[in-house]
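Engineer: Residues per chain, in single letters:
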Amino acid sequence: MSSGRQFMAILRKDLIRELRTREMLISMILFVLLAMVIFHYAFTVKEGADLTFFTGGMLWVTFIFAMLLGLNRSFAQEKDERCLDGLLLCPVDRVTIFLAKTAGNLIFLLIIQVVAVPIFTLFFVQRSYAGDLLQFLIVLLLADLGICALGTLLATISMNTRSRDLLLPIIFLPLIVPVLIAATGATTLIFAEGASFGSLLARVLFLLGFDAVFMVAAYGTYDFAIGE
Amino acid sequence: MKKLISAPSLFMGAGVFLVVGLLLGFWWAPVDASSMGFSQKIFYYHAPIAETALVAFGISFVAAILYLRSQDLKWDRLGFVCVRLGLLFSVMVMITGMIWGKASWDTWWAWEPRLTTFLLVCFLYIAYWVLRSVVEEEQRRATYAAVFAIIAFIDVPITFFATRFLPEGLHPVVITTGDTGMEGSMFASFFISMIGMTLLLVALIRSELVVESLKDRVADLKHKIGG
Numbered sequence: 176m177s178s179g180r181q182f183m184a185i186l187r188k189d190l191i192r193e194l195r196t197r198e199m200l201i202s203m204i205l206f207v208l209l210a211m212v213i214f215h216y217a218f219t220v221k222e223g224a225d226l227t228f229f230t231g232g233m234l235w236v237t238f239i240f241a242m243l244l245g246l247n248r249s250f251a252q253e254k255d256e257r258c259l260d261g262l263l264l265c266p267v268d269r270v271t272i273f274l275a276k277t278a279g280n281l282i283f284l285l286i287i288q289v290v291a292v293p294i295f296t297l298f299f300v301q302r303s304y305a306g307d308l309l310q311f312l313i314v315l316l317l318a319d320l321g322i323c324a325l326g327t328l329l330a331t332i333s334m335n336t337r338s339r340d341l342l343l344p345i346i347f348l349p350l351i352v353p354v355l356i357a358a359t360g361a362t363t364l365i366f367a368e369g370a371s372f373g374s375l376l377a378r379v380l381f382l383l384g385f386d387a388v389f390m391v392a393a394y395g396t397y398d399f400a401i402g403e
Numbered sequence: 056m057k058k059l060i061s062a063p064s065l066f067m068g069a070g071v072f073l074v075v076g077l078l079l080g081f082w083w084a085p086v087d088a089s090s091m092g093f094s095q096k097i098f099y100y101h102a103p104i105a106e107t108a109l110v111a112f113g114i115s116f117v118a119a120i121l122y123l124r125s126q127d128l129k130w131d132r133l134g135f136v137c138v139r140l141g142l143l144f145s146v147m148v149m150i151t152g153m154i155w156g157k158a159s160w161d162t163w164w165a166w167e168p169r170l171t172t173f174l175l176v177c178f179l180y181i182a183y184w185v186l187r188s189v190v191e192e193e194q195r196r197a198t199y200a201a202v203f204a205i206i207a208f209i210d211v212p213i214t215f216f217a218t219r220f221l222p223e224g225l226h227p228v229v230i231t232t233g234d235t236g237m238e239g240s241m242f243a244s245f246f247i248s249m250i251g252m253t254l255l256l257v258a259l260i261r262s263e264l265v266v267e268s269l270k271d272r273v274a275d276l277k278h279k280i281g282g
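Chains as they are written, first to last, in this note's numbering: chain A, 176 to 403; chain B, 56 to 282.
Next up, chain A with everything else stripped away, as it sits in the complex (with noise of 0.2 Å):
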């Protein structure tokens, strides 16, 4: 089987198995909205407070922590029904599997950011962005792959361990400020200000910058960090 029809295998039984019982999607969307309205409550410190500055924040703070749940789910089943020795087992690159495992986690945070996007706007952000809607997604899908890439890497690490979803978020969270830093602030510009892809350029390109070089540092060590 060639390395694309692996990586197709299983990125499909990852998706077929969530969207059989939904458990994951369900409750990482539950878990945003619900981010959404302990926000509002934190942030509304007056009366007809505008958040639209916070909005940007808010909506990371909340990608990364939904993620950190989805990202312990995800790898929990592989290791509780012992799937994972299966699919080491099978002939298949070790890569493909980080490859299709990232691309699984991708898609379930596009789907999350799907509905909190627009209820997140609708909520908070009391400007229109419709013009600069193209950069917004050009932001959000280059975050999206460096929190994946990277946070598919480190959950590999950490469901071998003792303690497992509570390793994650220590080894998670310090390794993606940078991406945080750069993301919130892109999408602050866009939702407060309106940003042209002049002012954009230097984050996107450092977003660009970041993924490359975790997709090739996670190419390097994948082997290592799922073990034999």
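What you were told as hints is all true, and nothing was included just to trick you.
Only part of the chain A face toward chain B is listed, based on derived beta-carbon distances under 7 Å:
| hint | residue |
| --- | --- |
| 1 | 336 |
| 2 | 356 |
| 3 | 357 |
Computed footprint of chain A on chain B, listed as stretches where at least three residues anywhere in the stretch have a Cβ under 8 Å from a Cβ of chain A:
| hint | region |
| --- | --- |
| 4 | 187-197 |
| 5 | 203-212 |
Derived from the structure by calculation, the hints contain no laboratory data. Using N, Cα and C, we set each Cβ at its ideal position, and we do this for glycine too.
Following the hints, complete the assembly by docking chain B onto the known chain A.
Structural biologist: Below, chain B alone, put in the same frame as chain A:
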């Protein structure tokens, strides 16, 4: 030769360089002309400590790669020792940085790129330590630690770039490309302190490695007598 680079002589060399660097920094180098004034003197310790912390993490990065290639546990030991010492130096960077900040900007903490980067670096390598503590099997622990050490070290410059996107900081840019911004005597004092601090790091790594191998021997002996 072996005697010359033994831990005690390294410590001694480090001490001499550090004291000379400090004396020169205080009495030979002029008081900084900018608004920082006398408080700039802490720079002769602060900057060498920062550089040494990064060197320690750099060594742990190289050791991680060597471990993954050879699966030899001696590289894992070296990596762990370097991370521990790097953390120690990073904490010192933050303490000296805060003292300097208080003296020259009148604030203990500013969210400016370099301080923030070091704070995140501290969290990163504390995470490394936590990761080690939750894996029992030795070979597996070494492998995961190595993977994480590689990613963490790659993340350091990236974090530094990212913090540049934050609103402007207060940190003086002392060393820029081209003009060093320092007078000869200042640079000489700084350079001597830097050599001293690096020697101190090497000395500490050596003695820590000896301690680690003694620990291993004790564990072996215990195992032999069935303890």
